[in-house]
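Asker: Chain by chain, the residues:
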Amino acid sequence: MTQFPIGRRTVIAGALGSVVHGGASFAAEPIKIGFSIPQTGGLAAIGLQALLTMQIWAEDVNAAGGIIGRPVQLVTYDDQSNPANVPRIYTKLLDVDKIDLLVTNGTNLTVPAMPIAIQRGMVVFCMLALAVNEKFKYGRFFQTMPYGPRGKESISEGFFEVAMAMTPKPATVALVGADAEFAKNAVDGAREQAKKHGLKIVYDRTYPPPTVDFGPVIRGIAGTNPDIVYVGSYPVDTSGMIRAARELNFRPKLFGGGMVGTQAATLKGDLGEMLNDVVSYELYCPAVAARFPNVEAVLKKYQPRAKQKGIDPQGYYVPPFCYATMEILHQAVTGAGGTDQEKIAKVMHATTFKTVVGDIKFGPDGEWDHPRMLWVQFRGLKGQGMDQFTNPAAEVVVSPAAYKTGELRYPMGLAKQ
Amino acid sequence: MVDPLAVVNAVVAGVMLGGFYAAVALGIAIAFGMLDIPNLSHPAFVVAGAFSTWQLNSHLGLDPVVAGLAMAPVFFGLGWLVYRLYYVCFERRGEAALQGLAFFFGLLFITEVALVMTAGADYRSVVAPYIGVSFTVGSLVVPQRMLVPFLVSVVMIAVLHQYLLRTFTGRAIQAVAQDEVALRLMGVGPMRIKGLAFGLATATASVAGALLIIIQPVEPSIGREFIGRAFAAVVLGGMGSFWGMLFASIILGITESLVSDMWNPSWAPAIAFGFLLPTLAFRSSGLLGRKL
Chain A
337 MTQFPIGRRT
347 VIAGALGSVV
357 HGGASFAAEP
367 IKIGFSIPQT
377 GGLAAIGLQA
387 LLTMQIWAED
397 VNAAGGIIGR
407 PVQLVTYDDQ
417 SNPANVPRIY
427 TKLLDVDKID
437 LLVTNGTNLT
447 VPAMPIAIQR
457 GMVVFCMLAL
467 AVNEKFKYGR
477 FFQTMPYGPR
487 GKESISEGFF
497 EVAMAMTPKP
507 ATVALVGADA
517 EFAKNAVDGA
527 REQAKKHGLK
537 IVYDRTYPPP
547 TVDFGPVIRG
557 IAGTNPDIVY
567 VGSYPVDTSG
577 MIRAARELNF
587 RPKLFGGGMV
597 GTQAATLKGD
607 LGEMLNDVVS
617 YELYCPAVAA
627 RFPNVEAVLK
637 KYQPRAKQKG
647 IDPQGYYVPP
657 FCYATMEILH
667 QAVTGAGGTD
677 QEKIAKVMHA
687 TTFKTVVGDI
697 KFGPDGEWDH
707 PRMLWVQFRG
717 LKGQGMDQFT
727 NPAAEVVVSP
737 AAYKTGELRY
747 PMGLAKQ
Chain B
207 MVDPLAVVNA
217 VVAGVMLGGF
227 YAAVALGIAI
237 AFGMLDIPNL
247 SHPAFVVAGA
257 FSTWQLNSHL
267 GLDPVVAGLA
277 MAPVFFGLGW
287 LVYRLYYVCF
297 ERRGEAALQG
307 LAFFFGLLFI
317 TEVALVMTAG
327 ADYRSVVAPY
337 IGVSFTVGSL
347 VVPQRMLVPF
357 LVSVVMIAVL
367 HQYLLRTFTG
377 RAIQAVAQDE
387 VALRLMGVGP
397 MRIKGLAFGL
407 ATATASVAGA
417 LLIIIQPVEP
427 SIGREFIGRA
437 FAAVVLGGMG
447 SFWGMLFASI
457 ILGITESLVS
467 DMWNPSWAPA
477 IAFGFLLPTL
487 AFRSSGLLGR
497 KL
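Protein chains in written order, with this note's numbering: chain A, 337 to 753; chain B, 207 to 498.
Treat the hints as calculated values from the structure; they're not laboratory data. Don't take each hint at face value.
A short, non-exhaustive set of chain A residues, derived as facing chain B with CB atoms under 8 Å [to be verified]:
#1 G378
#2 A380
#3 L384
#4 K505
#5 A507
#6 V572
#7 M610
#8 E632
These numbers were taken from a predicted model, which means no experiment stands behind them. Ideal placement from N, C-alpha and C gives every residue a C-beta, glycine not left out.
Generate the whole structure from the sequences, applying the supplied hints.
Answerer: Here's what the structure looks like:
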């Protein structure tokens with residue numbers, strides 16, 4: 337296993353946070369928070385955003401006096417986006433680094449950490465993971481993404497609700513997704529939704545993750561003439577799918593789905609007007625900024641540092657919920673009066689946490705007790721460029737009703753509008 | 207019933223895709239096919255080429271293809287240096303086989319980490335007038351994002367092929383793969399020629415990287431996805447044969463495209479690679495290559 341310099345810097349930054357920021361001086365032992373995070377490899381774009389946000393949180397907490405009078409110290413290693421590295425990292429964190437609290441992130445990188453966490457009875461503070469606890473059913477697992485108790489379905493539920501409100505109602509659907517964990521879960525959920533709404537599935541295929549040209553996939557879908565198309569994809573595939581659909585002038589009534597990447601500023605900026613009318617999910621976007629005013633302060637700290645590090649310069653997707661995860665950790669340790677895992681787990685189940693992304697209450701499975709995925713439709717985009725996505729009108733929230741900022745526009749129009 | 211027009215569209219898309227695969231595989235065709243150097247890090251160099259194209263495109267507004275060509279001499283120098291290191295550490299001591307493989311595998315990761323440290327881990331893309339548009343001939347639709355890489359790739363292969371055929375250095379590069387001693391007797395230093403050839407192979411990564419970022423956004427680790435396809439194209443086409451490699455790449459592209467369009471996309475790589483096995487069973491030298 338390799339501990340990269342950035343990991344060492346993280347430890348030092350965490351430990352010295354109070355000194356750097358002129359906050360309280362600590363006599364007590366630090367609370368060590370350990371996690372594996374992708375700093376290189378395919379998931380680094382997400383991992384580095386999470387790491388930066390956690391560093392910002394640690395600085396904020398240490399400047400304000402720490403948690404129960406103890407400073408926080410982040411201990412982290414690069415898992416290189418490789419799940420095979422994860423068990424070794426968590427074993428070292430627990431046995432050698434003697435961490436007090438354990439954090440995980442991402443579906444594929446949380447699953448291999450679970451057996452170790454369960455064996456040691458550790459509370460798992462998890463972020464950005466889909467339906468991990470469905471199989472483990474671990475009572476000390478808590479995940480901060482707002483999927484709710486039916487994880488697989490939540491990544492398609494809003495899309496189908498919106499689709500079924502169209503007039504006339506759609507009758508056929510094409511389902512397509514990458515042959516990988518998250519996308520398969522998303523398409524599984526979409527299949528259930530299609531059955532629930534009585535839609536005829538005319539195309540139901542997966543594609544291998546290293547696909548370069550999505551033209552043939554889109555042609556295959558277009559050949560079945562579906563009313564709506566649900567896509568479960570990863571960032572590069574999302575870009576390939578949307579480009580191919582536009583280049584081949586494929587315009588069903590509704591196109592979109594659980595498309596990872598439509599939340600990332602650089603990818604959105606690259607696709608620009610090609611995204612017009614596409615419907616995808618978001619966790620936070622400028623259209624709902626007024627509902628979560630405390631996110632702005634986090635992003636103000638995050639954005640200048642992200643630009644320097646060459647990671648998502650807007651940070652609407654990862655940082656708010658990552659910061660919220662750490663706020664929950666803070667409140668849980670305070671509530672438990674220490675790092676006793678049993679006490680923390682009890683507090684986690686019993687408390688409604690106040691976070692920058694709103695109130696969070698966990699259900700028995702450790703997921704949010706209700707889903708709150710935002711379904712947005714991209715509108716009015718011109719050419720390329722990420723700056724246009726700071727405009728609340730660029731992403732109209734079409735579901736759920738409580739956060740709705742506009743009605744769905746259909747059928748899918750041209751890219752240039 | 208199969209729509210003939212759909213088949214034509216899929217075949218044309220496959221040809222375009224194959225052309226791009228050939229651009230990625232060209233450097234491996236030189237390094238592995240001609241010099242017997244298992245350069246596993248070549249796809250990472252391609253991604254480095256894509257990042258340098260992104261820099262020139264976003265800061266100076268250079269067309270991606272022009273940017274890729276402009277950076278080719280820098281990549282040539284880099285390749286020459288890498289070969290010198292490889293020669294001094296492994297080849298000279300006769301430890302090129304397994305240690306060499308480990309060296310290039312390590313270089314792949316070092317290149318990726320260097321890209322994360324210098325350019326960040328985010329997705330990068332370029333702007334060009336031919337991205338996002340397509341031209342239509344009857345019912346045939348060809349995305350220019352795929353057509354431009356195909357054309358550039360074929361021209362690059364043709365130019366390098368002519369260079370190897372018609373220049374003294376080019377013929378020396380072909381000779382060094384076959385008989386180093388004979389080349390020495392002709393008064394030519396094999397190390398110098400191998401360094402030049404490896405530099406050329408790395409220079410093609412700069413152009414291939416430009417073509418990659420035209421097709422899709424890139425992040426530092428994306429090159430790993432091309433290792434299998436690129437080596438398969440070189441072996442299937444025949445070691446040392448550029449046209450064989452292009453032919454094999456196009457076969458891979460057409461197979462992937464047809465299977466994705468007509469059948470099931472998830473079967474595309476299995477069927478494309480499945481073609482490799484019987485070909486090598488019945489023709490061990492590949493489609494157009496020298497004996498293995």
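Asker: Each hint should be assessed against the structure and marked as holding or not.
Answerer: Verification of the supplied hints:
{"no.": "1", "hint": "G378", "verdict": "holds, 5 Å"}
{"no.": "2", "hint": "A380", "verdict": "holds, 4 Å"}
{"no.": "3", "hint": "L384", "verdict": "holds, 5 Å"}
{"no.": "4", "hint": "K505", "verdict": "violated, 28 Å"}
{"no.": "5", "hint": "A507", "verdict": "violated, 23 Å"}
{"no.": "6", "hint": "V572", "verdict": "holds, 6 Å"}
{"no.": "7", "hint": "M610", "verdict": "holds, 6 Å"}
{"no.": "8", "hint": "E632", "verdict": "violated, 22 Å"}
Of the numbered hints given earlier, the model fails hints 4, 5 and 8; all others are met.
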